[in-house]
Amino acid sequence: MSLAVELSGVSFAYRAGYDVLENVDLEVGEGEFVAIAGPNGGGKTTLVRIVLGLERPSQGTASLYGEPAHRFSRRRTLGYLAQRSELGGDAPATVCEVVSAGRLAAGGLLGPLRRRDRELVAEAIARVGLTELADTPVRTLSGGMQQRAFIAKALAGEPSILVLDEPTTGVDAESQESLAALLSRLHSELGATILYVSHEFGAVEHFVERLVLVRRTIVFDGVPQSLPGVWHDPSHVHA
Amino acid sequence: MLESEFMRLALGAGAVVGVLSPAVGFFLVQRRQSLVGDGIGHVAFAGVAAGILLDISPILTALVAALLGGIAIEFLRSKGKTAGDQALALVFYTGIAAGVVLISAAGALDVDLFQYLFGSILTVTRTDLAVIAGLGAVGLTTVGLLYRPLAGIVIDEEGARVAGVPIGALNVIVAALAAVTVALSMRVVGILLVAALMVLPVSAASRIAWSMRSTFLLSISVGLASVLVGLTISYYADLPPGGTIVLAAAGAFGLALGASALRGR
Chain Y
1 MSLAVELSGV SFAYRAGYDV LENVDLEVGE GEFVAIAGPN GGGKTTLVRI VLGLERPSQG
61 TASLYGEPAH RFSRRRTLGY LAQRSELGGD APATVCEVVS AGRLAAGGLL GPLRRRDREL
121 VAEAIARVGL TELADTPVRT LSGGMQQRAF IAKALAGEPS ILVLDEPTTG VDAESQESLA
181 ALLSRLHSEL GATILYVSHE FGAVEHFVER LVLVRRTIVF DGVPQSLPGV WHDPSHVHA
Chain V
240 MLESEFMRLA LGAGAVVGVL SPAVGFFLVQ RRQSLVGDGI GHVAFAGVAA GILLDISPIL
300 TALVAALLGG IAIEFLRSKG KTAGDQALAL VFYTGIAAGV VLISAAGALD VDLFQYLFGS
360 ILTVTRTDLA VIAGLGAVGL TTVGLLYRPL AGIVIDEEGA RVAGVPIGAL NVIVAALAAV
420 TVALSMRVVG ILLVAALMVL PVSAASRIAW SMRSTFLLSI SVGLASVLVG LTISYYADLP
480 PGGTIVLAAA GAFGLALGAS ALRGR
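Protein sequences, first through last, are from chains Y and V.
Going by the working numbering, the first residue of the first sequence is number 1, and it counts up by one from there.
Going by the working numbering, the first residue of the second sequence is number 240, and it counts up by one from there.
Only chain Y is shown next, with the shape it has when bound in the complex:
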């Protein structure tokens, strides 16, 4: 299995002397579904921003398919659902318009979308079960439905790496389960590498193959079933 993501000796500080990440080593193989969990402020979001090349480590190296992450040549194959994703602007963008934005990099910038791009948009909307709501403004949907629309947007770009940062924030428990099942199905259908970031690892460990626990550095990396019981105690996790 070739490596999709490789972090080696990565440290990062927004301010000198205050490391958010310290000496992180992480390898993610192509097609793996990995949950990156840990307490709030533990460095999870910073870690994925380094993976995506949005931040550069103060020490160490970050690579995507062997290339430096910040200069990765196939960026159009990266799908990203940012933390607390919400629609920009006041205009009532529909599900179809939001998902179409996911074809920006792959479908070219000038003029309207071509037929093939429109088909991929419709396919992505169908995959998340929103076909009937394609012309509905996203803001009028529930939190869970909105997240589905954003996941479809990321899927429309046919990503080889999909990064979802806290996709269940603000979503009710039932929708969280349903989103988890959807991601599990999409992973087996698409074979993309998925990094799923969450501070509630209890919610994700049922459907991922590998759990990485981050608290400034990696404190656990393995199958969720082998996670020591002490990490299920919130007082220990957040200490």
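The set of hints was computed from the structure by calculation and includes no laboratory data.
Computed from a predicted model, the values in this text were never measured in an experiment.
We put the CB at the ideal spot given by N, CA and C, even for glycine.
Misleading hints may appear alongside valid ones.
Claimed, not checked - List of simulated lysine to any residue pairs, SDA-like, C-alpha gap at most 20 Å:
no., chain 1, residue 1, chain 2, residue 2
1, V, Lys318, Y, Glu189
2, V, Lys318, V, Thr380
3, V, Lys318, Y, Glu209
4, V, Lys318, Y, Arg15
5, V, Lys318, V, Glu397
6, V, Lys318, Y, Arg56
Said to hold, decoys possible - These stretches of chain Y come out as covered by chain V in the derived footprint (C-beta under 8 Å, 3 or more residues):
no., region
7, 16 to 27
8, 66 to 78
9, 110 to 119
10, 210 to 218
What the hints assert, rightly or not - Taking beta-carbon pairs under 7 Å as the criterion, some of the chain Y residues facing chain V (in silico):
no., residue
11, Pro39
12, Ala91
13, Thr94
14, Glu123
15, Ala126
16, Leu190
17, Gly191
Model the placement of chain V on the given structure of chain Y, informed by the hints.
Showing chain V alone in chain Y's frame:
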């Protein structure tokens, strides 16, 4: 009204600005940068003053100053050196202060600045109309070709950045489009009201539209209608055209708000 050539020219110039202003303003309003047009307008005032001082066409120097101001605002904002509103304030006040100093240096404080501050659409010549129509066509073609990426950035700028969309270049293009729009709108509504046609039609359309694309198209319709209605009222009621056009756009916003409230019942 249409038998007077000055009104035909005014309606032609107004129609171009009425369509272009909301088409460009749409992307500024959606990105919470509604006052960028105003900031650029104040820099354009410095350009007008420089033109008077150097005895060059004030419209040309205003266009150059507006382009520089627009790009400066975008640079200060995107590099994170200054918060968006502070970047705007910096350009805003520097522009107006430079304008006052330059006008004074030209010994031209007695010049009729009103035509620049409040517009002079009834003095538009055939040559002016050709320039306005030419630059307007370039602006509208650019917006038409780049609608999708510009709308995509409004929807999710960070996602587009990760996927390698050239955000910086597109933002500079929006700033340049805003500058051209400001320079053209100066003749229609004046520097002090220059941003109104970029903002009010978009705000009105957002209240009643059902999608992003319909908001964009409705904004343009409201902008065009505001100019035509405003000019017509100003002709028959003998009112200043610039102010009347902006009041028509404000009235359209009020109507849209009412329609939205009725629909919500």
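Task: Y/Ala126 as an interface hint toward chain V, with CB separation required under 7 Å - done: Result: violated, 20 Å to nearest chain V Cβ.
Task: chain V over the region 16 to 27 of chain Y, status - at least 3 residues with CB closer than 8 Å - done: violated (count 0)
TODO: Mind checking the CB of Y/Ala91 against every CB in chain V and telling me if the closest is under 7 Å?
DONE: holds, 4 Å
Task: Hint check: 7 Å Cβ-Cβ cutoff, Y/Pro39 to chain V - done: At 23 Å from the nearest chain V Cβ, Y/Pro39 fails the 7 Å test, so the hint is violated.
Open item on the list: Please check whether Y/Gly191 passes as an interface residue: C-beta within 7 Å of a C-beta belonging to chain V.
Closed with: violated, 19 Å
Open item on the list: Please verify whether V/Lys318 and Y/Glu189 have alpha carbons no more than 20 Å apart.
Closed with: violated, 41 Å
Open item on the list: Does Y/Thr94 hold up as a contact with chain V if the rule is Cβ-Cβ below 7 Å?
Closed with: Check passed: Cβ of Y/Thr94 comes within 5 Å of chain V, closer than 7 Å.
Open item on the list: What's the verdict on V/Lys318 and Y/Arg15, does the C-alpha distance respect the 20 Å limit or exceed it?
Closed with: Status holds; Cα separation ~18 Å.
Task: Given hint Y/Arg56 paired with V/Lys318 - CA-CA distance at most 20 Å - done: The given pair, whose Cα atoms are some 16 Å apart, holds under the 20 Å limit.
Task: Holds or violated: V/Lys318 to Y/Glu209, with C-alpha atoms at most 20 Å apart - done: With Cα atoms ~40 Å apart, V/Lys318 and Y/Glu209 exceed 20 Å; violated.
TODO: Quick one: see if chain V covers the region 110 to 119 of chain Y, three-plus residues with Cβ-Cβ under 8 Å.
DONE: Check passed, 4 qualifying residues.
Task: Stated coverage of the region 210 to 218 of chain Y by chain V [criterion: 3+ residues, CB within 8 Å] - done: violated (count 0)
This entry does not satisfy hints 1, 2, 3, 7, 10, 11, 14, 15, 16, 17, going by the numbered hints stated previously.
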